[in-house]
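Undergrad: As they're listed, the protein sequences go chains A and B. Residue 1 is where the first sequence starts when you use the numbering used here, and the numbers rise one by one after that. Residue 1 is where the second sequence starts when you use the numbering used here, and the numbers rise one by one after that.
Honestly, the hints are just simulated from the structure, not real lab data. Just so you know, even glycine gets a beta-carbon here, dropped at the ideal spot from N, CA and C. Heads up, a few of these hints could be off.
[Unchecked claim] In silico lysine to aspartate or glutamate, EDC-like type, Cα no more than 20 Å apart, as pairs:
1) B/LYS44 with A/ASP41
2) B/LYS64 with B/ASP31
3) B/LYS64 with B/ASP15
4) B/LYS44 with B/ASP15
5) B/LYS65 with A/ASP41
6) A/LYS198 with A/ASP102
[Claimed, not checked] FRET-style restraints, in silico, Cβ to Cβ:
7) B/SER67 with A/GLU89: 26 to 36 Å
8) B/HIS27 with A/ARG151: 42 to 52 Å
9) B/SER47 with A/ARG189: 55 to 65 Å
10) B/GLY68 with A/ASP86: 44 to 54 Å
11) B/LEU26 with A/GLU96: 12 to 22 Å
12) B/GLY68 with A/ARG22: 22 to 32 Å
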Amino acid sequence: MFERASTAMRAVVIDAQEQARRLEHRAIGTEHLLLALVASDTQPGGLLRELGLTTERVTAAIRRLLGTRPPLGEEDAAALRAIGIDLDEVLARIQEHFGPLDLNPPPPPPPRRRFGLRRNRQSPTRPLTGHIPFTPRSKKVLELSLREAVRLDNRTIDAEHILLGLLREGEGLAALVLAESGVDVDDLRRRTEESLRKAA
Amino acid sequence: MDNATEAATAASSSDPQVGLRAVVALHRLADALEALQVDNARAKGWSWQQIAEALGVSKQAVHKKHSGRPTTITTRRD
């Protein structure tokens, strides 16, 4: 299908891998496609940002939904210092006996899978290098983006079609983030299709 | 800590933003320490009952929270 993909569409797919790596996730999910769209200089990227979906907000929503949080930073250390706790000292003492403290301790296994959340997407202990695979859901989204292009009689698959694919798939983490942000899916689909017609 | 830093710390500790941030950070630190210390106790042969007593919670609670997850202890000083 990629022989029909536009440069912008390819760039979004490539950036989705970067987004997964940035979040230290082991697979490229629908949420990374959404992040890549939000960060992209494309029409659908603009539509999403107009709805208040910035990289920061989407990243925060993903972390919250997956139950992972960024490590304690400078501001946390300063806040703790203000109440008399020296974070560096605490961490140094722990390290002395146990090695580095994991501030996202692994949660107990979930009772069942929901919304396509996978445990293996949570922060691994080692940094990620090399190839990151697509999840079945994000593969499905890419297939759907091709189908959307065919349905709309578009010659090339563009960034718009990825967004249409995400909206069509409707069950992954990206869909959950969109729903939580109060996005009107039908309206967004209409405006995305409109942006394709204008481009044509 | 010099006088200026001390004054800044004293002033900022009445700021809710700083105070609440400290609470969140403390919770996270406590959660991480709990996971680590439970793993350490298990590695040293403590029973769930003993750990529960030390934490002041029920054996069921500590078992549910900590038994199914991978260990947090990354290195051991032997």
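Undergrad: Which hints from the list above does the structure break, by number from lowest to highest?
TA: Structure breaks hints 1, 3, 4, 5, 6, 10.
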